[in-house]
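> Each chain, written out:
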Amino acid sequence: MHDKKPETLVIEPWRDPTAKPYISLSHVTKRFGNFTAVNEVSLDVFRQELFCLLGGSGCGKSTLLRMLAGFEEPTSGQIFIDGQDMAGIPPYRRPVNMMFQSYALFPHMSVEDNVAFGLKQDATPRREIRERVAAMLALVKLSAFSRRKPHQLSGGQRQRVALARSLIKEPKLLLLDEPLGALDRKLRESTQYELMNLQDKLGVTFIVVTHDQEEAMMLASRIGVMNLGHIVQVGTPTEIYEFPTSRFVADFIGSVNMFAGQVTAEGSHFVRIAAPDAGCTIFIDHGVAAPPNAQLWVALRPEKINISREPPANPAENCTQGVVDGIAYMGDMSVFHVKLDTGRMVNVTRANLIRHAEDTLTWDDRVWLHWHPASGVVLTI
Amino acid sequence: MMRPPPLPLGDRLASGAGLGGRLLVNLAPVRVALNLLARIPLSGRDCVIALPYLWLTLFFMLPFVIVLKISFADQLIAQPPYSALFDWATQGYLTIKLNLGNYLFLASDPLYLNAYLKSVQIAFISALICLFIAYPMAYALARADAAWRGVLLMLVVLPFWTSFLLRVYAWIGLLNNNGIINNLLMGLGIIDQPIVMMRTNFAVYLGIVYAYLPFMLLPLYSSLEKMDLTLLEAAEDLGCLPFKAFLTITLPLSLPGIVAGFSLVFIPSLGEFVIPDLLGGSETLMIGKVLWDEFFSNRAWPIASAVATAMLSLVLGIMVFQQWLEKRAEAGR
Numbered sequence: 009m010h011d012k013k014p015e016t017l018v019i020e021p022w023r024d025p026t027a028k029p030y031i032s033l034s035h036v037t038k039r040f041g042n043f044t045a046v047n048e049v050s051l052d053v054f055r056q057e058l059f060c061l062l063g064g065s066g067c068g069k070s071t072l073l074r075m076l077a078g079f080e081e082p083t084s085g086q087i088f089i090d091g092q093d094m095a096g097i098p099p100y101r102r103p104v105n106m107m108f109q110s111y112a113l114f115p116h117m118s119v120e121d122n123v124a125f126g127l128k129q130d131a132t133p134r135r136e137i138r139e140r141v142a143a144m145l146a147l148v149k150l151s152a153f154s155r156r157k158p159h160q161l162s163g164g165q166r167q168r169v170a171l172a173r174s175l176i177k178e179p180k181l182l183l184l185d186e187p188l189g190a191l192d193r194k195l196r197e198s199t200q201y202e203l204m205n206l207q208d209k210l211g212v213t214f215i216v217v218t219h220d221q222e223e224a225m226m227l228a229s230r231i232g233v234m235n236l237g238h239i240v241q242v243g244t245p246t247e248i249y250e251f252p253t254s255r256f257v258a259d260f261i262g263s264v265n266m267f268a269g270q271v272t273a274e275g276s277h278f279v280r281i282a283a284p285d286a287g288c289t290i291f292i293d294h295g296v297a298a299p300p301n302a303q304l305w306v307a308l309r310p311e312k313i314n315i316s317r318e319p320p321a322n323p324a325e326n327c328t329q330g331v332v333d334g335i336a337y338m339g340d341m342s343v344f345h346v347k348l349d350t351g352r353m354v355n356v357t358r359a360n361l362i363r364h365a366e367d368t369l370t371w372d373d374r375v376w377l378h379w380h381p382a383s384g385v386v387l388t389i
Numbered sequence: 027m028m029r030p031p032p033l034p035l036g037d038r039l040a041s042g043a044g045l046g047g048r049l050l051v052n053l054a055p056v057r058v059a060l061n062l063l064a065r066i067p068l069s070g071r072d073c074v075i076a077l078p079y080l081w082l083t084l085f086f087m088l089p090f091v092i093v094l095k096i097s098f099a100d101q102l103i104a105q106p107p108y109s110a111l112f113d114w115a116t117q118g119y120l121t122i123k124l125n126l127g128n129y130l131f132l133a134s135d136p137l138y139l140n141a142y143l144k145s146v147q148i149a150f151i152s153a154l155i156c157l158f159i160a161y162p163m164a165y166a167l168a169r170a171d172a173a174w175r176g177v178l179l180m181l182v183v184l185p186f187w188t189s190f191l192l193r194v195y196a197w198i199g200l201l202n203n204n205g206i207i208n209n210l211l212m213g214l215g216i217i218d219q220p221i222v223m224m225r226t227n228f229a230v231y232l233g234i235v236y237a238y239l240p241f242m243l244l245p246l247y248s249s250l251e252k253m254d255l256t257l258l259e260a261a262e263d264l265g266c267l268p269f270k271a272f273l274t275i276t277l278p279l280s281l282p283g284i285v286a287g288f289s290l291v292f293i294p295s296l297g298e299f300v301i302p303d304l305l306g307g308s309e310t311l312m313i314g315k316v317l318w319d320e321f322f323s324n325r326a327w328p329i330a331s332a333v334a335t336a337m338l339s340l341v342l343g344i345m346v347f348q349q350w351l352e353k354r355a356e357a358g359r
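Those protein sequence lines, which keep their order, are chains L and H.
In this text, residue positions in the first sequence follow our numbering: the first is 9, and each later residue adds one.
In this text, residue positions in the second sequence follow our numbering: the first is 27, and each later residue adds one.
No lab work stands behind these hints, which were simulated from the structure alone.
Keep in mind it's a predicted model, so treat the numbers as computed, not measured.
Each residue gets a CB set at the ideal place from its N, CA and C atoms; glycine is no exception.
All the given hints hold, so there is nothing to weed out.
Away from chain H, derived, C-beta distances all over 12 Å, residues of chain L:
#, residue
1, 43
2, 209
3, 255
4, 296
5, 336
6, 382
What follows is a list of derived Cβ distance ranges for each label pair:
#, chain 1, residue 1, chain 2, residue 2, range
7, H, 72, L, 160, 29 to 37 Å
8, L, 222, H, 154, 54 to 62 Å
9, H, 254, L, 93, 25 to 33 Å
10, L, 162, H, 78, 35 to 43 Å
11, H, 254, L, 98, 18 to 26 Å
Residues from chain L shown here face chain H by an in silico Cβ test under 8 Å; the list is partial:
#, residue
12, 99
13, 100
14, 112
15, 116
16, 126
17, 130
Take the sequences, apply the hints, and build the full model.
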């Protein structure tokens, strides 16, 4: 299905079959009683990657993170960090540090002491501790707050203390559990960039756990989407969004219109799919590896559908009609809820390119929807 | 939104609802009384706050003032057995006779100083023993399965359902020369003559530690239970060994519980009378017992009052110190 994957110039070690993974999970399973939290997960993460584990609550992403940190031992399977098997190694001996979702700052210690805590455990000379803590606090712009206690800081400042504390030992791997979850939206955006810059500057490998797909898309070099203990797809943000391999991923990342259908005509570089719900035949301009008459789904992103009052040039294919049922104005774009003639509801978004458009679509307008043959993603599972 | 200021109590009564209320209000004497009441600037909230203060004044402050007054009097063989403090002498002079002799006597007779020191020593060591026994218990309790916690806590509180005096008497039965423990040990042939445990300091320590252990355990439990366990994970993650994490994280964070538990054991054991009287011997000289003897055996009310006042100021000093510690610990959170 992925014969049209874009070629990028970024160095992507996961595309190089000879590249040695830095963190490697092989068939890792974790059971709690009868409940399987993580099921047969195999995953390779490369040096200096910013890898995001994305999934809803209870999908096993946090358990996976805790196994990497050493708080949980896998029921079966192996974890390698920099070639070293982590089995039986307690958290305090692992070259891994973690930034907790709640930050877990020590409430009775000042910012300085919190950050210095990790270094103090290794009998680092005092002078060196002082210098490294000062440098780290400068890096996260908290030098002025070194004597404060955690409860005297704002949420964003606490987040930076937690980050500084987990980075001070220069771990091989930094685990971040919902690092931006407790911040408000505006702060989250600026912190995201800071986090990426910091990762770039220090060259530490990051594994981030999040349920927020926007956060994952923005931060990650690659995303691993998790569901029910499995990793269902691993890929770059673009791959995950534009080339989902399952209905779950297509539906989980962003919003999508899904049409069930069957192949009616097939060629080496095209396929026609009859989708009764859509009210038209869907033409896809690439081949599909599926047996004829098999049940298929076509996923169409709302922004990839054109909406207009006039019929398109070729209304024979990839074109259907409906009535505007509802409009959600979001500022940068508008979401149109269109009721197709088949009775099916479809979401279509349109960028608000003109500030004060004369002739805008409105409720009960009869509209044509059409899309490019490359827009539909064919899914078999 | 602004909240209207609370109406004075009288106004609220005067605006009283119901026909009966209105009829009552129209009666002249009631109206006058209510008008007077309305002038007192007391809101309902003030009244609620005033209640505990009233209670404390009536049942704590007032008796203490009486004791303080007696401590400055002369001992008399009369009814009551002490002299008056205030005297209306002739020609309209009010004479106040303050006898500081009782306090000077306390300072000069080593019996009292020894009793104080011994009490402080016994109370301090008992509190320390309680702390060492209760801390692991509280820790286990706080980390126990949530389903079991209620039952375990219940077991801690259960002895309170029996009278304190009875429980102390039970120890006599256990510790006596022909008590259960000695009989058992002799029956098993481990010893051939009884170990003297009754009427020793050991028995007093045992009694105090036994009786006051829950007072140490409960505050420790509450401070350990509310601790965020991810803090320990964070410490371990940063390379801290579990035992060191206990010393650097758990222990400092449970300090408020330690301070509270320590004073809850230390302060009442300081003035403890029943346990040293029933379990202790002549070597156990505790201030509570001295106080009792002065009041009831010697009928020396002024001296006894002076002893009580001195003890109270000692406890007060300790409490101020404890409050200071607690504030500091709070500020550290």
